[in-house]
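Listed below, chain by chain, are the residues.
Protein chains: 2
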Amino acid sequence: MNDIIFKLSASYLKALSHPTRLKILDILKDEELCVCKIFEALELEQSNVSQHLRVLKDQGILVSRREGANIMYRVKDKDVFNIVNKVKEILIRQLNETQDLLEKEGD
Amino acid sequence: MNDIIFKLSASYLKALSHPTRLKILDILKDEELCVCKIFEALELEQSNVSQHLRVLKDQGILVSRREGANIMYRVKDKDVFNIVNKVKEILIRQLNETQDLLEKEGD
DNA sequence: TTATCATATTAGAAAATTCTAATATGTTTA
DNA sequence: TAAACATATTAGAATTTTCTAATATGATAA
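Protein chains in written order, with our numbering: chain A, 3 to 109; chain B, 3 to 109.
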């Protein structure tokens with residue numbers, strides 16, 4: 003029963019757990035963009051980016067709408083940035099701590 | 003260059019993106035426990051749990067120490083719960099919104 | 001020191017993810 | 001309508017993840 007929330011959480015986190023997908027979120031931080039702009043920014047294959055966009059959309063993290071021949075993507079809810087920013091914070095702190103240790107070692 | 007932080011973030015998130023590993027964090031929320039208690043609580047194979055513990059430890063999320071024949075695991079930094087709790091929050095809100103939509107549909 | 005207990009590691013099969021290349025779909029323009 | 005453009009989908013190979021079963025390691029107790 004509570005199993006469900008662990009499973010859903012794991013799926014959500016899995017959708018975020020790829021460098022390209024994190025980059026996509028970063029690119030879409032403040033603006034809605036068409037696929038063409040996104041994969042141009044990433045310098046990756048169109049079909050590859052399309053697949054990553056789908057993962058994020060399936061998870062409800064992105065939404066899309068058609069505008070003429072283009073499909074525009076945007077972040078559905080800015081809350082996702084709470085998560086990715088927090089992760090960044092934790093990692094940066096970890097890196098600093100490691101560095102401090104190494105410096106002490108150097109004495 | 004900035005690629006590195008995306009890669010590190012993705013690795014961190016990937017370590018979290020498995021139901022069993024989220025359950026382990028939940029079990030270790032407020033206490034340090036030996037492997038025997040952890041896999042008993044999870045009702046999973048010892049070797050399987052041991053492998054999941056390793057993933058979390060390799061990522062720096064858990065730490066362990068020997069106590070006699072036992073190995074005790076604990077969460078290294080409670081910050082990780084900011085992340086998993088935030089995910090839970092987002093998912094619960096999503097579920098509620100979906101439910102609201104379904105109820106409106108029912109009119 | 002041998003047996004036992006607790007945990008980790010390894011091997012290998014099955015499943016899932018990721019990427020590229022090719023193709024399909026839907027839109028606009030000529 | 002045909003050609004060109006934007007995006008999605010599919011197929012298939014390579015890689016990674018996950019699990020189970022078996023074995024190894026290391027600590028304690030007999």
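Do not rely on the hints blindly, as some may be mistaken.
For chains that are exact copies, the list does not tell them apart, and a pair is met inside one copy or across any two.
[As the list claims (entries may be wrong)] Computed cross-link-like contacts, SDA-like style, restricted to lysine to any residue with a CA-CA straight-line distance of at most 25 Å: (1) 16 <-> 91; (2) 80 <-> 103; (3) 39 <-> 8; (4) 88 <-> 28; (5) 31 <-> 101; (6) 106 <-> 50; (7) 106 <-> 43; (8) 90 <-> 69; (9) 31 <-> 74; (10) 106 <-> 42; (11) 106 <-> 49; (12) 106 <-> 56; (13) 39 <-> 83; (14) 39 <-> 100; (15) 39 <-> 102; (16) 9 <-> 103; (17) 16 <-> 105; (18) 9 <-> 33; (19) 78 <-> 60; (20) 25 <-> 36; (21) 9 <-> 94; (22) 88 <-> 103.
Hint data in this document are derived by calculation from the structure and do not stem from the laboratory. On a predicted model such as this, the values are computed, not experimentally measured, just so you know.
Kindly indicate which numbered hints from before are broken by the structure, ordering the numbers from low to high. Failing hints, ascending: 5, 6, 7, 8, 10, 11, 12, 14, 15, 17.
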